[in-house]
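Trainee: Read top to bottom, the protein sequences are chains A and B.
Residues in the first sequence are numbered consecutively from 1, following the numbering used here.
Residues in the second sequence are numbered consecutively from 1, following the numbering used here.
Keep in mind the hints are simulated off the structure, nothing from the lab.
Certain hints may be false.
The following label-pair restraints were derived from C-beta to C-beta distances [as the list claims (entries may be wrong)]: (1) A:Asn-7 / B:Thr-95: 30 to 40 angstroms; (2) A:Asn-51 / B:Gln-45: 22 to 32 angstroms; (3) B:Asp-31 / A:Gly-40: 23 to 33 angstroms; (4) A:Asn-51 / B:Gln-60: 29 to 39 angstroms; (5) A:Lys-69 / B:Thr-69: 45 to 55 angstroms; (6) B:Thr-95 / A:Glu-70: 41 to 51 angstroms; (7) B:Gln-58 / A:Lys-69: 37 to 47 angstroms; (8) A:Val-14 / B:Thr-109: 34 to 44 angstroms.
Some chain B residues flagged as far from chain A (calculated, every beta-carbon gap over 12 angstroms) [said to hold, decoys possible]: (9) Ser-12; (10) Val-13; (11) Gly-16; (12) Ala-29; (13) Gln-38; (14) Asp-49; (15) Thr-63; (16) Leu-65; (17) Asn-67; (18) Lys-71; (19) Ala-78.
Heads up, the beta-carbon is just placed ideally off N, CA and C, and yes, glycines get one too.
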Amino acid sequence: EAQVTQNPRYLITVTGKKLTVTCSQNMNHEYMSWYRQDPGLGLRQIYYSMNVEVTDKGDVPEGYKVSRKEKRNFPLILESPSPNQTSLYFCASSPRVRSREQYFGPGTRLTVT
Amino acid sequence: GESVGLHLPTLSVQEGDNSIINCAYSNSASDYFIWYKQESGKGPQFIIDIRSNMDKRQGQRVTVLLNKTVKHLSLQIAATQPGDSAVYFCAETITNDYKLSFGAGTTVTVRA
Chain A
1 EAQVTQNPRY
11 LITVTGKKLT
21 VTCSQNMNHE
31 YMSWYRQDPG
41 LGLRQIYYSM
51 NVEVTDKGDV
61 PEGYKVSRKE
71 KRNFPLILES
81 PSPNQTSLYF
91 CASSPRVRSR
101 EQYFGPGTRL
111 TVT
Chain B
1 GESVGLHLPT
11 LSVQEGDNSI
21 INCAYSNSAS
31 DYFIWYKQES
41 GKGPQFIIDI
51 RSNMDKRQGQ
61 RVTVLLNKTV
71 KHLSLQIAAT
81 QPGDSAVYFC
91 AETITNDYKL
101 SFGAGTTVTV
111 RA
């Protein structure tokens with residue numbers, strides 16, 4: 001089944017404890033992206049990647065890191081999580097770099113205490 | 001920066017009626033506008049998009065209208081069904097950009 005998977009789906013952690021949220025797609029898509037969703041703010045783009053080893057900042061990159069060493073994987077790294085990073089995170093992919101149709105994963109709900 | 005927004009955060013619709021979801025945008029450089037649907041507990045799902053040189057585009061039971069004069073976008077859903085209950089997001093992008101900017105979303109509830 002063609003899909004975007006994220007792990008973990010739920011995570012509660014403490015301030016300052018490094019964490020990684022994994023994202024993987026099995027559709028051979030070029031483009032991958034991370035969003036965070038907060039009430040009343042919609043989805044805001046954190047980082048995106050046009051291809052392997054090519055990444056760039058979205059609208060809210062502060063406090064996050066990403067890497068794209070393989071085409072299928074695009075992990076989101078929080079080196080020192082803070083409570084304001086408590087949010088619902090979505091990974092998405094699309095077949096072409098400028099495709100408007102993105103395929104979203106199921107989401108990861110992160111709570112930082 | 002400029003952002004995409006929605007007129008109303010919630011919309012309640014009687015089953016079988018037509019729904020109209022509105023969106024206002026402010027970035028005149030945007031040349032594609034997209035609608036996504038997010039069901040409870042799931043990630044957003046692409047519905048339909050429209051290029052800025054078009055006024056109207058139809059899909060299956062959905063129609064998107066674009067009014068560039070007033071920077072307004074709408075999604076019309078015909079014969080609304082219970083499965084249409086979801087949060088609807090409009091988004092915009094620029095052809096030579098790699099980013100997608102989303103609005104805040106409208107929650108649609110279908111009454112039986």
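Trainee: Next, verify each hint and record whether it holds.
Mentor: Against the structure, the hints come out as follows:
Checking the proposed 30 to 40 angstroms range against A:Asn-7 and B:Thr-95 shows it holds: the Cβ atoms sit about 34 angstroms from each other. At roughly 24 angstroms, the beta-carbon separation of A:Asn-51 and B:Gln-45 lies within the given 22 to 32 angstroms, and the hint holds. A beta carbon spacing of about 27 angstroms between B:Asp-31 and A:Gly-40 agrees with the range 23 to 33 angstroms that was offered as a hint. The hinted window of 29 to 39 angstroms between A:Asn-51 and B:Gln-60 holds, with their beta carbons roughly 33 angstroms apart.
For the pair A:Lys-69 and B:Thr-69, the supplied restraint of 45 to 55 angstroms holds, since their beta-carbon distance comes to about 47 angstroms. At about 28 angstroms, the beta-carbon gap between B:Thr-95 and A:Glu-70 misses the expected band of 41 to 51 angstroms. In this structure, B:Gln-58 and A:Lys-69 meet the distance hint of 37 to 47 angstroms, their C-beta atoms being roughly 42 angstroms apart. Distance hint check for A:Val-14 and B:Thr-109: the Cβ-Cβ separation is about 37 angstroms, which falls inside the suggested range of 34 to 44 angstroms.
Interface exclusion of B:Ser-12 from chain A stands, the closest Cβ pair being 19 angstroms apart, more than 12 angstroms. In this structure B:Val-13 is separated from chain A by more than 12 angstroms, as the shortest Cβ-Cβ distance comes to about 21 angstroms. Distance check on B:Gly-16: its Cβ is at least 29 angstroms (rounded) from any Cβ of chain A, clearing the 12 angstroms threshold; non-interface status holds. Chain A leaves B:Ala-29 outside its interface by the beta-carbon criterion, the shortest separation being 15 angstroms against a cut-off of 12 angstroms.
A Cβ of chain A approaches the Cβ of B:Gln-38 within 12 angstroms, the least distance being about 8 angstroms, so the stated non-interface status is violated. The Cβ of B:Asp-49 sits about 5 angstroms from the closest Cβ of chain A, inside the 12 angstroms cut-off, so the non-interface label is violated. Even its closest Cβ contact with chain A, about 17 angstroms, leaves B:Thr-63 beyond 12 angstroms, as expected for a residue assigned away from the interface. Taking the minimum C-beta to C-beta distance to chain A, about 17 angstroms, the non-interface status of B:Leu-65 holds against the 12 angstroms cut.
B:Asn-67, annotated as away from the interface, keeps every beta carbon of chain A farther than 12 angstroms; the closest lies near 19 angstroms. Non-interface call for B:Lys-71 relative to chain A: holds, since the shortest CB-CB distance, roughly 17 angstroms, exceeds 12 angstroms. In this structure B:Ala-78 is separated from chain A by more than 12 angstroms, as the shortest Cβ-Cβ distance comes to about 22 angstroms.
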